[in-house]
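Chains as they are written, first to last, in this note's numbering: chain A, 109 to 495; chain B, 8 to 248.
Any given hint might turn out to be false.
Keeping only pairs whose Cα atoms sit at most 16 Å apart, straight-line, the calculated EDC-like set for lysine to aspartate or glutamate is [to be verified]: (1) B:Lys40 with A:Asp489; (2) A:Lys409 with B:Glu106; (3) A:Lys409 with B:Asp101.
Rough simulated footprint, nothing fancy, chain B against chain A, three-plus residues with beta-carbon under 8 Å [what the hints assert, rightly or not]: (4) 111-125; (5) 398-404; (6) 481-492.
Derived from the structure by calculation, the hints contain no laboratory data.
All C-beta atoms, glycine included, are put in the ideal place defined by N, C-alpha and C.
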Amino acid sequence: MRFLSLILANASRGRARLAFTLGSVVVAFLLLGLMLPVLRVFDSRVDFADANRLMVLNKASMMRPLPINYKDRIAELDNVEEVGHFTFFGAAYQSSSNQIPAIVTEPENFPIMVEEVEFRDPDALNNWQADPSSIAVGRDLANKHGWKIGDLVPLHSSIYNRSDGNPVWTFRVGAIFDGAAEDSVTDSVVIPYEYFNNERIKGEDTVGWFAVRIADANKAEATGKAIDVLFENSPNETATTTERAFAKSFLNQVGDFKTLIGATLILVFWTLILITANAQMQSIRERFGDFAVMRILGFRKRHITRIILSESLLTMFSGGVIGMTIAGIAVLIVSAKAEALLSLLSLDWRDWLIGAGMMAATGVIVATIPAILAARQNIIDGLAETL
Amino acid sequence: MTVHDTEIAIQAADRQDRPAFVQIDRVSKTYRKGKLAVPVLDRHSMIIAQGDMVALVGASGCGKTTLLNLIGGVDRPDTGEITVDKTRITSLSDAGLTEWRGQNVGFIFQFYNLLPALSAHANVELPLLLHDIPKAERRARVDNALNLVGLQDRASHRPEELSGGQQQRVAIARALVTDADLLLCDEPTGDLDQDSATRIMELLSMLNQEFGKTIVVVTHDPLVAEYAHRTEHMTRPETAA
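Isolated chain A, as found in the complex:
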């Protein structure tokens, strides 16, 4: 603290350079503050996936269906508690650009298989399960389109036509479900399998994939292997994985988004380090004479090192806090206006912790070379700089 006035005075010495250096730090941490919540939202989708649920897919391709009669054979295996099945419907509402997440499944075991949703109105749940042509709609989606129980909703399927060749399926809203957790996304539609299977023109008695709830997550690998062995050498071999692993691999498939963001962040920070290190080195180089005088006055090498490190950390934390604060405000605005995944964005304490770590690490890295140079400097040579 004794050196604080000295550090602040030095910081204000080259105001234009300080402004540019601070500017680059602000931009870098603004970017970090924007990207971290996005990465976490994607991670949350992975965390959301259940380690106690296995996904059984067609080994040839996840787009190829599996016979529904696999269900009973899977259910007989050890460690299997419940088996459900799901099929992508490929729904659009009103226009083809307005895509809606829609899956086909059995209403009777949907609440058991998917614990992330809850039906707060038991009567509505019973009605939906009793009426094969009705759908269950997520609260967010119902609110978005103003749907109420009993409304008729025409959905266009890009995958399945009805038996008369019509791709438009009209369903009655039977129930509205909510998210079990605060950050659950409820923007989807659930369609009863029996009705869908009877009405579709092709793919009868097949499903997209099976979801298998297991008793012991530690035996997930063994159970998955047992399922795949069961259907080995059949026309439709299976590939079984945990939902969590599937969610991760799926995210990787859609462009390896996290790696892309991570690589961008690394590049930005590398540039930041180069810019600030260059500015810092110039600043230190200009002050070699000052440091020589300070050494003559009794300042030790460690004092000089501490001053340089403090200046660097001060720059990083000042710029970093400003950048992340701006990012926090931007994230608030975006999440308030956005829907679906982006509505979950928030810059929370975890991001600030990472940000603070990055500020400290960058501050230390940037200060290292100038501090070494200043500490190694010969006093006589340093004094010559002042002439």
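Here the structure of chain A is known, so what remains is to put chain B in place on it, guided by the hints.
For chain B alone, kept in the frame of chain A given last:
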């Protein structure tokens, strides 16, 4: 210490009736410029009594500033020993030498060497930051030092806002603030006009006479040398390839 050096010490002490304060014993220093060896001091010996004011004079390159740096512990001799106030500074470690310098020596340079980002007050306060001194006491000591050099009304000014003579007086205040007994001045008037130079030398002379500071001044100016009790004429050693 050799018998010869002891005799010198006794003679100097007798002459000035003061104890020896700085003892330089056969000190040599050679700088290297590529393959060229440039000796600047060759077995140089000298005694400076406590409270003495000595002028080091001689042609450029004769080693005046080098000797001053060696006395102040800024540089180290190749051979020989230097003792200041009973401390053999040539035996101190780098850290020990730095600490000793900060507590015992005040430096005054030709070009003042004030830190441009700091006010006059902050520049004078700088050496005190290294000691565990409460802020109020630091302020009092800085105010006293600035009063002594007549610059109390310029305390908040930065060096660029002060004249050369004023900057040099701030530098003198900085040298005094730790109450160092030894002041080393390297061409303290070299960058000043006649009037400012006279004021600076009168100030140094006052510090020597009234506060008993031991002062060593490197100068080319015969008028500056006149303020000293004695003048040490230095010559340049032979340059060897």
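**Prompt:** Checking against the hints above, which ones are violated?
**Reply:** none
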